[in-house]
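Protein sequence lines correspond, in order, to chains A and B.
Residues in the first sequence are numbered consecutively from 1, following our numbering.
Residues in the second sequence are numbered consecutively from 1, following our numbering.
By construction, these hints were calculated from the structure, which means they are not laboratory data.
What you are looking at is a predicted structure, and each value in this text was computed from that prediction instead of being measured.
Do not rely on the hints blindly, as some may be mistaken.
[Unchecked claim] Here are the simulated PhoX-like pairs of lysine-lysine, each with C-alpha atoms no more than 20 Å apart in a straight line:
(1) Lys152(B) with Lys274(A)
(2) Lys346(B) with Lys252(B)
(3) Lys315(B) with Lys118(B)
(4) Lys180(A) with Lys60(B)
(5) Lys156(B) with Lys274(A)
(6) Lys236(B) with Lys152(B)
(7) Lys114(A) with Lys60(B)
(8) Lys139(A) with Lys236(B)
(9) Lys199(A) with Lys274(A)
(10) Lys252(B) with Lys236(B)
(11) Lys54(B) with Lys180(A)
[To be verified] Reference excerpt, derived from the structure (chain A facing chain B, CB under 10 Å, subset only):
(12) Leu24
(13) Leu72
(14) Ile73
(15) Pro74
(16) Tyr102
(17) Met124
(18) Gly185
No residue lacks a Cβ here, since even glycine has one placed at the ideal position from N, Cα and C.
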Amino acid sequence: MAEGMLQSIKVQLRIQRAIIYTVLIIGSAAMVLPYLWMIISSFKPIEEIQTYPPSFFIHHPTVKAYADLFRLIPMGRYLGNSILVATLVTVSNVFFCSLAGYAFAKHRFWGRDKLFLLILGSMMIPWQINIIPGFVIVKKLGWLNSFYALIIPNMVGAFGVFLTRQHISTIPNDLIDAAKIDGCGEFRIYRLVIFPLIKPVLVALGIFMFLAQWNNFVWPLVIIHSGDMRTVPLALAVLNGQFGTDFGTNFPMVMAGAVLVTIPVLAVFLLFQKYFIRGITLTGLKF
Amino acid sequence: MVEDKRLGDDRRKKDHRPPKDRRDPEPLVSVLPAYDDEVVPIRSEAGRFGIFLKELNRQKYSFLFIAPGLILFTIFVLIPVVTSLFWSFTRYNVFQPPIWVGLDNYRHILFHDPRFWKAIKNTVLYVGGTVPAGIVIALMLSIAIDQQIRFKGFFKTMFFMPAVTAIVAISVIWKWLYAGEKYGLINYLLIKMGFQPVDWLLSPAWTLPAIMIMSVWAGLGYNIILFTAGLSAIPKRFYEAAEIDGANAWDKFWNVTLPLLMPTMLFVVVMSVIASFQVFDQVYIMTGGTEEGIGGILDSALTIVAYLYDMGFQKFRMGYASALAYLIFAIIFGATLVNFKMMRSKIEY
Numbered sequence: 001m002a003e004g005m006l007q008s009i010k011v012q013l014r015i016q017r018a019i020i021y022t023v024l025i026i027g028s029a030a031m032v033l034p035y036l037w038m039i040i041s042s043f044k045p046i047e048e049i050q051t052y053p054p055s056f057f058i059h060h061p062t063v064k065a066y067a068d069l070f071r072l073i074p075m076g077r078y079l080g081n082s083i084l085v086a087t088l089v090t091v092s093n094v095f096f097c098s099l100a101g102y103a104f105a106k107h108r109f110w111g112r113d114k115l116f117l118l119i120l121g122s123m124m125i126p127w128q129i130n131i132i133p134g135f136v137i138v139k140k141l142g143w144l145n146s147f148y149a150l151i152i153p154n155m156v157g158a159f160g161v162f163l164t165r166q167h168i169s170t171i172p173n174d175l176i177d178a179a180k181i182d183g184c185g186e187f188r189i190y191r192l193v194i195f196p197l198i199k200p201v202l203v204a205l206g207i208f209m210f211l212a213q214w215n216n217f218v219w220p221l222v223i224i225h226s227g228d229m230r231t232v233p234l235a236l237a238v239l240n241g242q243f244g245t246d247f248g249t250n251f252p253m254v255m256a257g258a259v260l261v262t263i264p265v266l267a268v269f270l271l272f273q274k275y276f277i278r279g280i281t282l283t284g285l286k287f
Numbered sequence: 001m002v003e004d005k006r007l008g009d010d011r012r013k014k015d016h017r018p019p020k021d022r023r024d025p026e027p028l029v030s031v032l033p034a035y036d037d038e039v040v041p042i043r044s045e046a047g048r049f050g051i052f053l054k055e056l057n058r059q060k061y062s063f064l065f066i067a068p069g070l071i072l073f074t075i076f077v078l079i080p081v082v083t084s085l086f087w088s089f090t091r092y093n094v095f096q097p098p099i100w101v102g103l104d105n106y107r108h109i110l111f112h113d114p115r116f117w118k119a120i121k122n123t124v125l126y127v128g129g130t131v132p133a134g135i136v137i138a139l140m141l142s143i144a145i146d147q148q149i150r151f152k153g154f155f156k157t158m159f160f161m162p163a164v165t166a167i168v169a170i171s172v173i174w175k176w177l178y179a180g181e182k183y184g185l186i187n188y189l190l191i192k193m194g195f196q197p198v199d200w201l202l203s204p205a206w207t208l209p210a211i212m213i214m215s216v217w218a219g220l221g222y223n224i225i226l227f228t229a230g231l232s233a234i235p236k237r238f239y240e241a242a243e244i245d246g247a248n249a250w251d252k253f254w255n256v257t258l259p260l261l262m263p264t265m266l267f268v269v270v271m272s273v274i275a276s277f278q279v280f281d282q283v284y285i286m287t288g289g290t291e292e293g294i295g296g297i298l299d300s301a302l303t304i305v306a307y308l309y310d311m312g313f314q315k316f317r318m319g320y321a322s323a324l325a326y327l328i329f330a331i332i333f334g335a336t337l338v339n340f341k342m343m344r345s346k347i348e349y
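My request is simple: use the sequences and hints to build the entire structure.
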């Protein structure tokens, strides 16, 4: 009797687990499928892409779409633009945000708390409010279609200052005082005491900033109008407008563009996902 | 605070140590004046101005450190916030100076602009559809991942991939998935399963739902990371206690998991609502193309931010667009307040 009950509980548990695995595997398949379809489509010749039924098998695999991408539009230049902008913005944010965060956490100066509150409050303002005057300011400065406009307005962010300030506050003052007694100036304290201690936070901030810049779309869309200053997402949008309609289709080329935007970031993510996920739980940030 | 002070007094009595070292961070020099001249000016003829200069000298590094951030913050945040508020009361097209029109923009938007109300309707549908769907599906998957199973990390990774992909790229991929009557992958699968194919992005009825399905797909990973973190923080003993009381899986979910997950839930709801009110990239890619309009056939997928973009950067009605921006801000702010009010009371500890 008791054995029978145990048996039935075991069976029940096994069924439960089978259902859980099935759900998760179907879910994962639904996540991977679009990426897989993107990669497969990018290697198909145009004639093969609109056949019925759609096939995961490529009869005549070709890299023509990628060649077109670099031949018909300056894709190499766009990739370079994106890498340059994302790298500079990331480095600058990590450095300047933590510098300001240090001052806000450990220094006493006039208006410190009011200023910090102002910066904190500004995080609630949606970008829609800033983007119109931002565009006009950039235009007045003569920065339209330039790296200045892509980089400078994004060099220091309120969130980075807030995040680093919160973490630097937890560093004991004794460490800073000890460094002072040993004769460190303010910048050396930042470099030798503060910076090493908040490295994990800065890694999270850096990853976030790089992704945000690499994927950023609205700001480049508004300020870049010339053909050779585009970043990769903007280039992809233009490509989509030209070749991604149901008429005049060159979907393999659009998919090849999507591969170039997606795969580098995905590869880095798969290699360093520990840091990505820690970054989210640490900051609550949405990439 | 009171508690703290008493603790300090006790300690002082015990070891006769002034509680200086527990105070707020203060540069060492002013705590322990190393040289006499640090103290002298306070009593000397140099007076207040001398103190001012000394303080300024002491604070120069602080200002140096915050200067880069402060300058950019002033130019690209503070000035724009004030400027766009001013412009929202003007007619302004960038090429000529703004003309003051008072409340006309707001009045026109609210009472004479059917496109605005169409955009509001679409956006509310979008938020009302994607936020609950995204949360329910993510919560179910998180609970599945939280069970004693293998490959937890692998599953989390799979669901998280779209979160690191540019939404532009995701939109382009899904546009291709949705494309065509037959050769599109989604329609092919629908036919295989015995449904009718759908004209996703070519029919007014399906454009917005198509964008919503894609957005839910793209947003799952972020919610799952937060939910699984929240779930793993719930102590197992609560579940054991519930089991001893005879609770089944459903009871445990409603009476243990959900109440203890409320702080995470509040965070996820607030973030999702704020983000989805501002949906733009996917609308631009899936309905806009390049130069010709945005929002799909008959504005069927026009959202408020897409409308703002259209007014500001395609029609160059900057004053009108600024007024729209402030209305969007008000709506998001109001929605966030409501979220907090409604959910605060449900947080139990």
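Okay, the hints, checked on the actual structure:
1. Lys152(B) with Lys274(A): Since the Cα atoms of Lys152(B) and Lys274(A) sit roughly 13 Å apart, the hinted pair holds (cutoff 20 Å).
2. Lys346(B) with Lys252(B): Roughly 17 Å between the alpha carbons, so the hint for Lys346(B) and Lys252(B) holds.
3. Lys315(B) with Lys118(B): OK: Lys315(B) and Lys118(B) at ~18 Å, within 20 Å.
4. Lys180(A) with Lys60(B): Distance of about 16 Å is within 20 Å: holds.
5. Lys156(B) with Lys274(A): Holds, at about 11 Å.
6. Lys236(B) with Lys152(B): 18 Å, holds
7. Lys114(A) with Lys60(B): 18 Å, holds
8. Lys139(A) with Lys236(B): Violated - the C-alpha atoms of Lys236(B) and Lys139(A) are around 58 Å apart, more than 20 Å.
9. Lys199(A) with Lys274(A): Since the Cα atoms of Lys199(A) and Lys274(A) sit roughly 15 Å apart, the hinted pair holds (cutoff 20 Å).
10. Lys252(B) with Lys236(B): Holds, because 11 Å separates the two Cα atoms, which is no more than 20 Å.
11. Lys54(B) with Lys180(A): 19 Å, holds
12. Leu24: For Leu24(A), the interface hint holds, since the closest Cβ of chain B sits about 5 Å away, which is under 10 Å.
13. Leu72: With Cβ-Cβ at 16 Å, over 10 Å, it is violated.
14. Ile73: 13 Å, violated
15. Pro74: 17 Å, violated
16. Tyr102: Since the shortest Cβ distance to chain B is 6 Å, the answer is holds.
17. Met124: 7 Å, holds
18. Gly185: 8 Å, holds
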